[in-house]
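Enquirer: Take a look at the letters that make up each chain.
There are 2 protein chains.
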Amino acid sequence: MNAPNTAQHLMPAVNQRPVPPALLDALKAAFGDRCSTAPAVCEQHGRDESAYTTVPPPAAVVFALSTEDVSRAVALAAAHHVPIIPFGVGSSLEGHLLAVEGGISIDLSRMNQVLTVNPEDLTVTVQAGVTRKQLNEEIKSTGLFFPIDPGADASIGGMSATRASGTNAVRYGTMRENVLGLQVVTASGEVIRTGTRARKSSAGYDLTRLMVGSEGTLGVITEITLKLYPLPEAVSAATCSFPSIEAAVRTTIQIIQMGIPIARVELIDANAVRMVNAHSKLTLPEQPMLLMEFHGSPASVKEQAETVQDIAKDHQGHAFEWATTPEDRTRLWTARHNTYFAGIQSRPGCRAISTDTCVPISRLADCLLESVAEVDASGIPYFLVGHVGDGNFHFGYLIDPNSAQERATAEELNHKLVTRALALEGTCTGEHGIGLHKMDFLVSEAGAGAVSMMRTIKHALDPHNIMNPGKVFVY
Amino acid sequence: MNAPNTAQHLMPAVNQRPVPPALLDALKAAFGDRCSTAPAVCEQHGRDESAYTTVPPPAAVVFALSTEDVSRAVALAAAHHVPIIPFGVGSSLEGHLLAVEGGISIDLSRMNQVLTVNPEDLTVTVQAGVTRKQLNEEIKSTGLFFPIDPGADASIGGMSATRASGTNAVRYGTMRENVLGLQVVTASGEVIRTGTRARKSSAGYDLTRLMVGSEGTLGVITEITLKLYPLPEAVSAATCSFPSIEAAVRTTIQIIQMGIPIARVELIDANAVRMVNAHSKLTLPEQPMLLMEFHGSPASVKEQAETVQDIAKDHQGHAFEWATTPEDRTRLWTARHNTYFAGIQSRPGCRAISTDTCVPISRLADCLLESVAEVDASGIPYFLVGHVGDGNFHFGYLIDPNSAQERATAEELNHKLVTRALALEGTCTGEHGIGLHKMDFLVSEAGAGAVSMMRTIKHALDPHNIMNPGKVFVY
Numbered sequence: 000m001n002a003p004n005t006a007q008h009l010m011p012a013v014n015q016r017p018v019p020p021a022l023l024d025a026l027k028a029a030f031g032d033r034c035s036t037a038p039a040v041c042e043q044h045g046r047d048e049s050a051y052t053t054v055p056p057p058a059a060v061v062f063a064l065s066t067e068d069v070s071r072a073v074a075l076a077a078a079h080h081v082p083i084i085p086f087g088v089g090s091s092l093e094g095h096l097l098a099v100e101g102g103i104s105i106d107l108s109r110m111n112q113v114l115t116v117n118p119e120d121l122t123v124t125v126q127a128g129v130t131r132k133q134l135n136e137e138i139k140s141t142g143l144f145f146p147i148d149p150g151a152d153a154s155i156g157g158m159s160a161t162r163a164s165g166t167n168a169v170r171y172g173t174m175r176e177n178v179l180g181l182q183v184v185t186a187s188g189e190v191i192r193t194g195t196r197a198r199k200s201s202a203g204y205d206l207t208r209l210m211v212g213s214e215g216t217l218g219v220i221t222e223i224t225l226k227l228y229p230l231p232e233a234v235s236a237a238t239c240s241f242p243s244i245e246a247a248v249r250t251t252i253q254i255i256q257m258g259i260p261i262a263r264v265e266l267i268d269a270n271a272v273r274m275v276n277a278h279s280k281l282t283l284p285e286q287p288m289l290l291m292e293f294h295g296s297p298a299s300v301k302e303q304a305e306t307v308q309d310i311a312k313d314h315q316g317h318a319f320e321w322a323t324t325p326e327d328r329t330r331l332w333t334a335r336h337n338t339y340f341a342g343i344q345s346r347p348g349c350r351a352i353s354t355d356t357c358v359p360i361s362r363l364a365d366c367l368l369e370s371v372a373e374v375d376a377s378g379i380p381y382f383l384v385g386h387v388g389d390g391n392f393h394f395g396y397l398i399d400p401n402s403a404q405e406r407a408t409a410e411e412l413n414h415k416l417v418t419r420a421l422a423l424e425g426t427c428t429g430e431h432g433i434g435l436h437k438m439d440f441l442v443s444e445a446g447a448g449a450v451s452m453m454r455t456i457k458h459a460l461d462p463h464n465i466m467n468p469g470k471v472f473v474y
Numbered sequence: 000m001n002a003p004n005t006a007q008h009l010m011p012a013v014n015q016r017p018v019p020p021a022l023l024d025a026l027k028a029a030f031g032d033r034c035s036t037a038p039a040v041c042e043q044h045g046r047d048e049s050a051y052t053t054v055p056p057p058a059a060v061v062f063a064l065s066t067e068d069v070s071r072a073v074a075l076a077a078a079h080h081v082p083i084i085p086f087g088v089g090s091s092l093e094g095h096l097l098a099v100e101g102g103i104s105i106d107l108s109r110m111n112q113v114l115t116v117n118p119e120d121l122t123v124t125v126q127a128g129v130t131r132k133q134l135n136e137e138i139k140s141t142g143l144f145f146p147i148d149p150g151a152d153a154s155i156g157g158m159s160a161t162r163a164s165g166t167n168a169v170r171y172g173t174m175r176e177n178v179l180g181l182q183v184v185t186a187s188g189e190v191i192r193t194g195t196r197a198r199k200s201s202a203g204y205d206l207t208r209l210m211v212g213s214e215g216t217l218g219v220i221t222e223i224t225l226k227l228y229p230l231p232e233a234v235s236a237a238t239c240s241f242p243s244i245e246a247a248v249r250t251t252i253q254i255i256q257m258g259i260p261i262a263r264v265e266l267i268d269a270n271a272v273r274m275v276n277a278h279s280k281l282t283l284p285e286q287p288m289l290l291m292e293f294h295g296s297p298a299s300v301k302e303q304a305e306t307v308q309d310i311a312k313d314h315q316g317h318a319f320e321w322a323t324t325p326e327d328r329t330r331l332w333t334a335r336h337n338t339y340f341a342g343i344q345s346r347p348g349c350r351a352i353s354t355d356t357c358v359p360i361s362r363l364a365d366c367l368l369e370s371v372a373e374v375d376a377s378g379i380p381y382f383l384v385g386h387v388g389d390g391n392f393h394f395g396y397l398i399d400p401n402s403a404q405e406r407a408t409a410e411e412l413n414h415k416l417v418t419r420a421l422a423l424e425g426t427c428t429g430e431h432g433i434g435l436h437k438m439d440f441l442v443s444e445a446g447a448g449a450v451s452m453m454r455t456i457k458h459a460l461d462p463h464n465i466m467n468p469g470k471v472f473v474y
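So the sequence lines, in the order shown, correspond to chains A and B. Note that the first sequence covers residues 0 to 474 in numbering that gives the first Met the number 0. Note that the second sequence covers residues 0 to 474 in numbering that gives the first Met the number 0.
Calculated directly from the structure, the hints in this document are not laboratory data. Among the hints, a few may not be true.
Each pair may be met inside one copy or between any two copies, as identical chains are not told apart.
To be verified - Cross-link-like lysine to aspartate or glutamate pairs, in silico, EDC-like; alpha carbons within 16 Å at most:
#1 Lys-280 to Asp-399
#2 Lys-280 to Asp-24
#3 Lys-226 to Glu-176
#4 Lys-312 to Glu-245
#5 Lys-280 to Asp-152
#6 Lys-226 to Glu-424
Same shape as in the complex, but just chain A (with noise of 0.2 Å):
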């Protein structure tokens, strides 16, 4: 999640439109126990990992076993104009999953099959709710891999639909260049399909795309067809301590514009080692540091490294330790992406207000370097971890959810930060999506007519607003 430009917008606007008893009978007539109106299971589907207050839950959720399933709800929801939200695993930041304007949740989890693996083509077909995780665990075999990996063990539905990358976007690209095509149910409940298993292909609209990082507003996506890569031949992953993040910064910038295909390079700073040494138990030199990878060839990895290792040194880096067994490279990742709950439990009550700003490589240094200064003045508690070789970091600023003043005090840290990354023409969001938080945010990026076009596209495929309404941009 990301802090918007004034305290209120942690408290969404809610505007609940009725769901007709009518509707609720016909969900339970078709889906029996798989319509549920708990309210435990209503309130779970209706928050995520964002710092937003509580609004009222959905109404009902239906658990989706097949696309037919999701068309007949989105159908009987469409009939009665009332919205559908998607759910996935839960993991968004952004309030995508919040019911503001009321309406029926789809939970995808179920549709949890690996539908096709096609390994000499390097492309497999999923259902939704499978997860990143479960994916590669299921195509271990065949010696590929999928490598976009965001946090959390976020289903490809979700990931899709967020536009989402994580550590290994540097070399192999994000959600946007590893989904060849999708099966997506329509706001009038109609199944189609985009794109094909071909590499590459110029015949009409990029649907594909479209869909991909429209967050559940033009359809719901129910099956995705990906990309997959060999496993390296050879991987070996390395930290290397610097005396200030600048200089951590500087040594990354250098890497990318020399075209090094290293495969990871994930800044730290101080205050994240110290929590991620508490958290996973690590002995991290306490100083700014890179986390990095390299995959090739044993002699390209070598080649890599040692040319990374001499840029590094050339920034004072030092305290370079490898790792090379696969045992030491999970321990290593497993705390950078643990990096988010070790900041939580750094702080015991705390939420954390994630920013997500990108920037182009060699305007890094000065966006971050003028944000650190200013969370450091502010006296909150943070940390900070970057995507860096693409230019995308994360602040997290550890509030206490009760102290009005610590969230509005975060909120205008993340305002400068994301006025700054604008200005230095960067993005307001790498790969966390907008939802709510961040729509005043859009609007400043994109400028008012791009989303006056994304919207007439919205008004167009989605004429009653029923598709996640409320996110994005206001319709």
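Starting from the known structure of chain A, arrange chain B on it as the hints suggest.
Expert: Relative to chain A, chain B alone:
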């Protein structure tokens, strides 16, 4: 261009809308000499490299110097509900430039400024009329290059509009992956921007990729921000001959499946080698051949080349020849890029009908070999070239344009080829676009539901159907 279902498709449906004298007067008042109604100018802008029969040319050509010019011309045309057709260098193979509903051509070739190079971010922003060769010439001193290389020296605007690719796509992707942002004039004449210079973003609908590949039907692209790449430290090109097309294709499949980061892998059949030898004064063995290029550090290029050589030998690859000097490499790739013209020269007076199917790599051998057998049996002279690393290949059927029989045979061959490619989960067009020629194929490929969604978007964004009407799908 590509053969459609029936012969009459090469005589496109013409439904000329009137161009009121008041509009022509207004355009002349606004643009003076830069609005031409001279027959020769209009005729030159009313055709492209496709095999279509002539249609009446546009009523006028506006030579734009700026985005404001484009905006003004579109706004004037919009006021009269008159079609506009953007024109770059005229190298479309699919009839994109034909004024099938009349209207005004907007020539963007004078918008040929490279606006901003950001070498440290590996990005560049150009006006739409900049050609790919011009761009690479202008950025030469930065040590960076732009890899997308369709056969023609196309404009970056046209390449964006058709989602073009070329020989480097197997490593560097297509225009889909390499456009970061756009400036677009919409159907009302409004100017919007899409995307930022950040490498990734989750901010709202992906308008950039909706416009890329929309073939001028949703707006006129006036500026493009592109990714650039460091010129590789080492480059090595090789040719290798094979006893059969199948052996060459099986070699390619194995290279891709092993994840070797080959930069280019092009198939040229024995017919094409013969034509290229004659046209470019080369002495390549007249057998199926792979033309490959490796990019990387000297050590990694050597390693890739050795692995590939081993794979090729397993498939009876022989006559491996290396081109390590820039001059030798340029000569080889120029020959490849000239295949189309070499083919045309091989049969004086002929026209080439070029197919453009693309299939998943594991289906490539099946798709190609059955189609080769069909063309051989037909007696139509042809050449075959392919970006086989992507599963994309082009037959060039060399027909006598005055023979209805040959035209019909070529179209039947292509129809069978596309039907086969779609059954193998491929696409009817890897890189040329739909244009006029593949509108029926688009429906077969994407399905009525997806095409209906495209149409809904088109209706919403272009309610008077003035943006390059009559292309991609029926309005």
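Enquirer: Could you place Lys-226 and Glu-176 in one of the four classes (within, between, both, neither) given a Cα distance threshold of 16 Å?
Expert: Both, since 9 Å and 14 Å are each at most 16 Å.
Enquirer: Is it within a copy, between copies, both, or neither that the alpha carbon of Lys-280 lies no farther than 16 Å from that of Asp-24?
Expert: neither (52 Å within a copy, 78 Å between copies)
Enquirer: Between copies, within a copy, both or neither: which fits Lys-280 and Asp-152 at Cα up to 16 Å?
Expert: Answer is neither: 22 Å inside a copy and 58 Å across each miss the 16 Å cutoff.
Enquirer: Under a CA distance limit of 16 Å, which applies to Lys-312 and Glu-245: within one copy, between copies, both, or neither?
Expert: within (14 Å within a copy, 50 Å between copies)
Enquirer: Is it within, between, both or neither when you check Lys-226 against Glu-424 at 16 Å Cα-Cα?
Expert: between (30 Å within a copy, 14 Å between copies)
Enquirer: Give the relationship of Lys-280 and Asp-399 under a CA distance limit of 16 Å: within one copy only, between copies only, both, or neither.
Expert: neither (25 Å within a copy, 76 Å between copies)
In this structure, the earlier hints numbered 1, 2 and 5 are contradicted, and the remaining ones agree with it.
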